[in-house]
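Between the sequences and the hints, there should be enough to build the whole structure, so can you do that?
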Amino acid sequence: MQNYFKFFVLFNILAATSIVWSQSKERDVPYTKALYTFIDHYYNNQISSMDMAEEFYITAVDSLPECFTEYSKLVHLSRCEFYLGMYVMGEYDFSSIEKIKSITDTTDNTKNLSQQIKNKKAQAASYFDKAISLAQEALKIREGSDAYIIYAMAISSNCTVKNSSYVINNGLKVGSYSKKALQLDSTNGTACYYQYAQDLYAPAFFSNYNRGYSKMLSFYNNDSLRKEKMDNYYFITGIAYSFYKTNNYPEALEWYKKSLEIYPNNQFALKMIKLLSKI
Numbered sequence: 000m001q002n003y004f005k006f007f008v009l010f011n012i013l014a015a016t017s018i019v020w021s022q023s024k025e026r027d028v029p030y031t032k033a034l035y036t037f038i039d040h041y042y043n044n045q046i047s048s049m050d051m052a053e054e055f056y057i058t059a060v061d062s063l064p065e066c067f068t069e070y071s072k073l074v075h076l077s078r079c080e081f082y083l084g085m086y087v088m089g090e091y092d093f094s095s096i097e098k099i100k101s102i103t104d105t106t107d108n109t110k111n112l113s114q115q116i117k118n119k120k121a122q123a124a125s126y127f128d129k130a131i132s133l134a135q136e137a138l139k140i141r142e143g144s145d146a147y148i149i150y151a152m153a154i155s156s157n158c159t160v161k162n163s164s165y166v167i168n169n170g171l172k173v174g175s176y177s178k179k180a181l182q183l184d185s186t187n188g189t190a191c192y193y194q195y196a197q198d199l200y201a202p203a204f205f206s207n208y209n210r211g212y213s214k215m216l217s218f219y220n221n222d223s224l225r226k227e228k229m230d231n232y233y234f235i236t237g238i239a240y241s242f243y244k245t246n247n248y249p250e251a252l253e254w255y256k257k258s259l260e261i262y263p264n265n266q267f268a269l270k271m272i273k274l275l276s277k278i
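In terms of numbering that gives the first Met the number 0, the sequence shown has 232 at position 233, counting the first letter as 1, and numbering is strictly consecutive.
Hints are computed from structural coordinates only; laboratory data are not their basis. Just so you know, these numbers come straight off a predicted model, no measurement behind them. There may be inaccurate statements among the hints.
Said to hold, decoys possible - Straight-line distance between alpha carbons at most 16 Å, and here's what the computed EDC-like set of lysine to aspartate or glutamate pairs gives:
{"hint": "1", "residue 1": "K228", "residue 2": "E253"}
{"hint": "2", "residue 1": "K72", "residue 2": "E136"}
{"hint": "3", "residue 1": "K178", "residue 2": "E142"}
{"hint": "4", "residue 1": "K72", "residue 2": "D61"}
Next up, the structure:
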């Protein structure tokens with residue numbers, strides 16, 4: 000009975016921390032349930048406004064367990080800033096920016112749309128910059144796999160919204176920091192993804208779709224990796240994109256459909272399925 004009571008007390012202490020131990024008990028910094036909910040709603044396109052995103056963000060920020068060390072708190076807060084930035088970035092399809100730049104029409108509508116996108120890019124960058132700053136503070140306390148990988152993730156997203164000089168000066172750091180994360184924790188699935196994501200999404204001159212496909216497929220099938228729900232989404236859509244870029248549209252379509260098993264309402268996957276269904 001005494002042992003049962005000890006177990007009951009321990010269980011309730013863990014539950015009170017709101018940490019998702021079941022999916023991340025071995026990682027540097029576990030995801031809290033509130034942050035995981037924010038991430039799920041983001042990828043499943045269930046956040047309909049900035050006000051709603053900020054509510055999820057505030058709840059996630061406030062979900063810090065008392066047992067977290069200062070290092071863990073900083074990593075957690077860095078993640079919160081990153082995903083708020085991702086929501087802002089997703090409010091516009093930044094792939095259309097180059098098309099807008101090439102438009103010679105100088106009507107007020109075109110100017111307004113271009114300015115709105117610039118404003119959103121700057122807003123997203125401010126959150127990514129804060130995520131980077133918090134990750135840097137965490138790494139001053141100690142080197143940790145999760146601090147390095149959220150650092151890499153924020154730089155990677157910043158490369159989408161900042162100018163080319165930022166990309167030149169910082170782009171290679173994504174691979175470098177994800178490599179450091181893997182040196183500290185070889186089972187970090189997110190770090191595996193970011194180590195080779197440039198093979199798929201870098202400009203054509205730097206890409207290597209065959210290697211990117213091979214790596215993503217091996218990571219997806221590797222049960223020894225610690226993978227969060229979003230990691231499997233990264234791997235699946237990475238595989239799909241490699242098929243898309245090599246003109247294997249039937250396979251790309253099937254893999255994008257597979258990603259909907261994770262996030263059924265993901266608009267990116269749904270748009271790609273719609274596009275590929277017409278080819």
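Hints, verified against the model:
1. K228 to E253: Not satisfied, since the Cα-Cα distance of roughly 19 Å exceeds 16 Å.
2. K72 to E136: 10 Å, holds
3. K178 to E142: 13 Å, holds
4. K72 to D61: The given pair, whose Cα atoms are some 11 Å apart, holds under the 16 Å limit.
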